[in-house]
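**Q** Work the whole structure out from these sequences, hints included.
In the order they appear, the protein sequences are chains S and P. My numbering puts the first residue of the first sequence at 1, with every later residue one more than the last. My numbering puts the first residue of the second sequence at 1, with every later residue one more than the last.
Keep in mind that the hints are not guaranteed to be accurate.
Stated by the list, open to error - Pair by pair, the computed Cβ-Cβ distance ranges are:
no.	chain 1	residue 1	chain 2	residue 2	range
1	P	7	S	488	53 to 63 Å
2	P	28	S	255	23 to 33 Å
3	S	255	P	227	47 to 57 Å
4	S	500	P	7	42 to 52 Å
5	P	65	S	178	33 to 43 Å
6	P	65	S	476	29 to 39 Å
7	P	227	S	472	34 to 44 Å
In case anyone wonders, no lab produced these hints; they're calculated from the structure. None of the values given here were measured: they were computed from a predicted structure. We treat Cβ as the ideally placed atom computed from N, Cα and C, and that holds for glycine.
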Amino acid sequence: MKRFTHFLMVGALLTLVMALVGPAAAQDAEPNTGGVVIEGNIGSDPSSFNPLIGNDTTSSDIYGKMYPDIIAINPETLRSEPMQLGGLAESWEYDESGTVLTLYLRQDLVWSDGTPITADDWIWAADAVRSGETSSPRTSAFTTLADGTQAGGFVDSYEKIDDFTIEFVLGQPIFDDEGNVTEITPNCTAIDSIADVAVVPSHLYDAAFGMDYAAMDSDPFFVPTATFGPFTDPFFEAGVQVSMLGAPEYSDAVLGYVSPSEYVQLIVPDTTVEYERFLAGELTFIGVSADRQNDFRELAAEEGYQVFESPQNGYTYVGWNVADPANPQPGLDENGQLIDQGIHPVFGDVLVRQAMAYAIDTTSMIGTRPDGDTPASGILEGNGYQAVTHNSGEGVTFVDPGLDPYPFDQEKALEMLAEAGWSDQDGDGQLECNDCLYAREVDPDYNGTPMSFSLTTNAGNDVRERVGQTIREQLGQIGITVEYEAIDFGALVDLLLSQTHDAIIIGWSLGLPFDPDGRWAFSAESDIPGAGFAFTSYNNEELNDLWQEATTVPGCDPEARVELYQQAMQILYEDQPYLWLVINNVMAAAQPNVENWDPLPAANLWNMDAWRVLED
Amino acid sequence: MTRHIIRRLLQAIPTLIGVTLLSYMIMSFAPGGPLSFLGIANPQETSADVVADLEQKFGLSDPWYIQYGRWLIGTDIIFRLPQSETAATQDDAATTTRSTARTSNSVQGCSVLATERQGILRGDFGCSFKWRRPVVDLIAERLPATMELGIATLFVALFLGVPIGLFAAVTRGSLFDNFTRVFAVVGNAVPSFWMGLMLLLLFAFTLDILPSGGRCERMRVRLEDGSSGGCADVVPIYNRLEYLILPVFVLSLSGIAGYSRYMRTSMLDTINSDYVRTARAKGLTSRSVWLNHAARNALIPLATFLGPALVGVIGGAAITETIFSWPGLGRLIVEAVTNRDYPVIMASVIISALLTVIAYIISDVLYALFDPRIRF
Chain S
1 MKRFTHFLMV GALLTLVMAL VGPAAAQDAE PNTGGVVIEG NIGSDPSSFN PLIGNDTTSS
61 DIYGKMYPDI IAINPETLRS EPMQLGGLAE SWEYDESGTV LTLYLRQDLV WSDGTPITAD
121 DWIWAADAVR SGETSSPRTS AFTTLADGTQ AGGFVDSYEK IDDFTIEFVL GQPIFDDEGN
181 VTEITPNCTA IDSIADVAVV PSHLYDAAFG MDYAAMDSDP FFVPTATFGP FTDPFFEAGV
241 QVSMLGAPEY SDAVLGYVSP SEYVQLIVPD TTVEYERFLA GELTFIGVSA DRQNDFRELA
301 AEEGYQVFES PQNGYTYVGW NVADPANPQP GLDENGQLID QGIHPVFGDV LVRQAMAYAI
361 DTTSMIGTRP DGDTPASGIL EGNGYQAVTH NSGEGVTFVD PGLDPYPFDQ EKALEMLAEA
421 GWSDQDGDGQ LECNDCLYAR EVDPDYNGTP MSFSLTTNAG NDVRERVGQT IREQLGQIGI
481 TVEYEAIDFG ALVDLLLSQT HDAIIIGWSL GLPFDPDGRW AFSAESDIPG AGFAFTSYNN
541 EELNDLWQEA TTVPGCDPEA RVELYQQAMQ ILYEDQPYLW LVINNVMAAA QPNVENWDPL
601 PAANLWNMDA WRVLED
Chain P
1 MTRHIIRRLL QAIPTLIGVT LLSYMIMSFA PGGPLSFLGI ANPQETSADV VADLEQKFGL
61 SDPWYIQYGR WLIGTDIIFR LPQSETAATQ DDAATTTRST ARTSNSVQGC SVLATERQGI
121 LRGDFGCSFK WRRPVVDLIA ERLPATMELG IATLFVALFL GVPIGLFAAV TRGSLFDNFT
181 RVFAVVGNAV PSFWMGLMLL LLFAFTLDIL PSGGRCERMR VRLEDGSSGG CADVVPIYNR
241 LEYLILPVFV LSLSGIAGYS RYMRTSMLDT INSDYVRTAR AKGLTSRSVW LNHAARNALI
301 PLATFLGPAL VGVIGGAAIT ETIFSWPGLG RLIVEAVTNR DYPVIMASVI ISALLTVIAY
361 IISDVLYALF DPRIRF
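**A** This is the structure we're talking about:
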């Protein structure tokens with residue numbers, strides 16, 4: 001009897017618990033009950049909610065949450081793949097030529113007003129961008145615009161086969177003298193251009209703008225009444241916040257429903273205040289800057305903050321100008337033939353560039369983290385990785401060049417410089433040209449000229465400024481004069497594009513999906529004073545062939561492509577058009593009360609729609 | 001007086017044109033441009049062709065004087081383009097159709113295309129390259145926050161600085177006088193960004209008794225028209241005064257220090273003048289002499305400062321606004337300069353120039369008010 005009473009009591013207690021907890025658990029699983037996600041925005045207000053014309057990070061952070069991609073990136077592999085959440089692509093196939101792609105779309109997706117998402121939705125957007133009537137920067141997805149103007153991209157044409165099938169002709173275009181595309185050759189990265197153009201609800205965009213695509217520029221904050229994304233209905237309070245509401249009907253959420261009720265970008269222009277507001281619990285998550293990472297790591301262990309660290313998708317480097325800075329010339333003439341660009345008095349010689357890699361101690365710039373009583377050292381205090389060549393950090397790149405960084409060895413550097421014709425003949429501690437390459441090939445009177453050059457970076461970036469000072473000091477130790485200057489960023493960009501510089505410290509943030517093709521930075525075709533980003537004027541025929549080969553591998557076999565890219569990286573490593581410095585350590589942190597926070601390298605926010613911000 | 005004001009306003013016209021012309025020229029020749037950051041931020045996807053195309057569409061590929069002309073009188077006049085009579089009707093129809101397809105929260109933007117420009121002389125301040133919104137809207141929505149902060153700061157600075165200066169003068173050499181001297185040095189010497197951060201750390205993050213920034217609590221509320229609003233739309237200023245305390249303290253510190261020292265000097269000069277000695281000789285009490293005779297006259301030179309101080313109210317305070325996340329004009333203008341947002345920069349130049357002219361007219365008026373001997 002006693003046992004029975006006990007059994008009854010336990011049963012009653014369990015029933016009571018179930019009665020109390022059950023509804024709460026059921027309620028928790030409902031959409032938009034996961035609290036408010038607040039992110040600090042040290043940047044600025046958005047400039048557009050329209051993905052077809054927007055071009056800044058703040059804006060894309062907003063509209064990226066309202067529209068699907070035609071081909072989405074797998075956050076784990078960081079590559080474009082079919083059947084991804086938020087992506088329309090179900091599968092695709094190339095024809096035998098490798099230039100005709102048939103894309104099959106998922107048929108289960110609808111806009112929030114119930115209208116199916118179809119091929120028309122991408123095609124309307126593509127027509128609008130390709131019209132050239134808007135200020136969209138995404139025209140670079142196409143080979144030519146509607147009026148035949150060259151646009152520099154890979155998508156040559158597209159055709160709707162049925163509501164859920166689109167056929168593309170895409171690849172590397174070959175133009176005739178009149179600028180017409182005469183041939184398309186396969187290009188393994190061309191498929192990524194398709195995703196540069198967003199998918200928009202064509203029934204609403206068409207109702208709003210019709211064929212008057214330029215009207216989108218007059219209404220950049222147009223938000224249609226139906227969207228497809230985890231958040232919607234942005235409310236924009238200038239200088240204060242952008243708030244978006246969780247979309248209750250969004251079917252492609254990680255959990256099957258959107259957990260947060262609201263996502264907020266709160267403008268906090270000062271990074272110190274942003275950090276303190278995170279510590280005060282006012283922000284849900286934050287990116288911790290390199291100078292605070294060591295302190296925060298310790299604090300997180302004590303306070304229970306969630307922390308995730310990964311290498312940056314990009315790198316910081318010194319770009320050496322290898323051409324004559326007094327007479328900047330494009331890499332190619334109008335007929336596509338190489339132009340003689342002259343040589344830089346110092347960096348025109350590959351031996352000198354290699355010597356720089358030995359003469360500058362990158363490892364000491366990265367430094368070490370604090371360990372017990374031993375304080376942190378270096379500019380990055382151990383929160384960075386050695387960049388060796390044009391590649392992203394581990395976890396982002398799929399190319400492992402297997403190269404070791406140049407060791408810090410100033411004696412070796414001096415030997416190489418002597419071999420290159422730079423030595424201290426008069427004993428004044430300063431290296432001078434003694435039959436250096438420039439004196440041999442350009443101007444014999446250059447003999448005797450002290451080795452000096454200007455090094456420029458942008459003011460306000462503490463890491464780059466300190467890197468510049470370190471380089472000046474380290475090169476000064478071996479008799480090289482560096483005229484170092486930190487200037488306004490706009491002025492630096494002008495200097496860089498003008499190609500009148502000697503050396504510049506700057507960084508590239510590489511996009512997703514990661515593309516190791518570096519033609520935009522290391523080829524004659526992108527070497528255009530005033531516009532191109534191959535501003536070092538470095539050009540290597542063998543490298544160009546490898547870039548070309550790697551993007552035209554039959555069937556785009558990944559293993560074959562990786563091998564070719566490894567060879568390309570090897571050439572860059574040897575030729576040193578850049579002195580690759582560091583890949584920063586990216587640290588993301590979230591409050592202890594955030595559930596389902598599961599960041600991935602270069603995709604920290606991939607599952608934000610599953611987050612739950614629990615009440616304290 | 002009226003004639004004087006009208007004359008000063010008329011004189012301002014060539015001044016304004018000269019200032020804008022010079023500003024546009026300097027701005028155009030300065031390194032960097034509105035599209036400098038577009039390619040460098042995303043070099044893999046932004047070809048040189050795209051940047052060149054956008055420069056042409058934004059009108060940035062034209063010589064600076066053409067750009068200035070467009071900003072001043074509009075594209076159609078500069079290039080003698082015919083105006084379409086049906087354009088307005090078509091625009092109205094399109095706007096009506098569009099409103100049914102857009103959400104109620106959509107913000108009003110504008111076209112950055114050069115072909116759309118009407119010129120400032122026809123009331124078109126332009127469209128921000130950076131934010132794609134009418135410059136007038138950008139300024140108008142930041143103005144209330146700027147005025148709140150500026151007026152509160154001026155009020156505090158004057159109503160503390162002036163009495164402190166007067167009292168320091170009449171108690172010359174006292175402990176209070178010495179204390180105010182030290183306070184003035186510190187108030188002028190301490191950088192506002194440092195002071196702001198320290199105060200935030202103490203009162204907002206450590207003691208948690210004052211807000212950590214902003215003009216109001218962050219919120220999103222449904223307004224009567226169905227759209228959304230923020231806190232400042234629904235909470236009156238007297239219910240959010242705590243947000244003003246720290247930024248006003250930081251901003252008014254140098255004002256209090258400056259006004260108090262200036263008033264002290266001015267008051268000492270006045271106290272030592274003949275008419276004050278005469279008043280004393282007539283047997284008036286010290287309080288009567290100081291308040292009724294000396295103080296009023298000591299205030300006259302302050303009028304010189306008040307005009308520019310009022311301009312400062314509108315101009316905003318970029319650093320303090322940044323530290324306290326205050327959505328004011330100062331931050332907007334600094335961001336515009338950083339991003340080479342020519343239309344916003346030019347609007348701020350016009351406003352500053354206009355306000356400076358007005359400030360000096362106000363100074364003249366105040367002189368006349370404080371000193372009946374002054375006539376224009």
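**Q** Taking each numbered hint in turn, which are not upheld by the structure, reported in ascending numerical order?
**A** 1, 2, 3, 6 and 7
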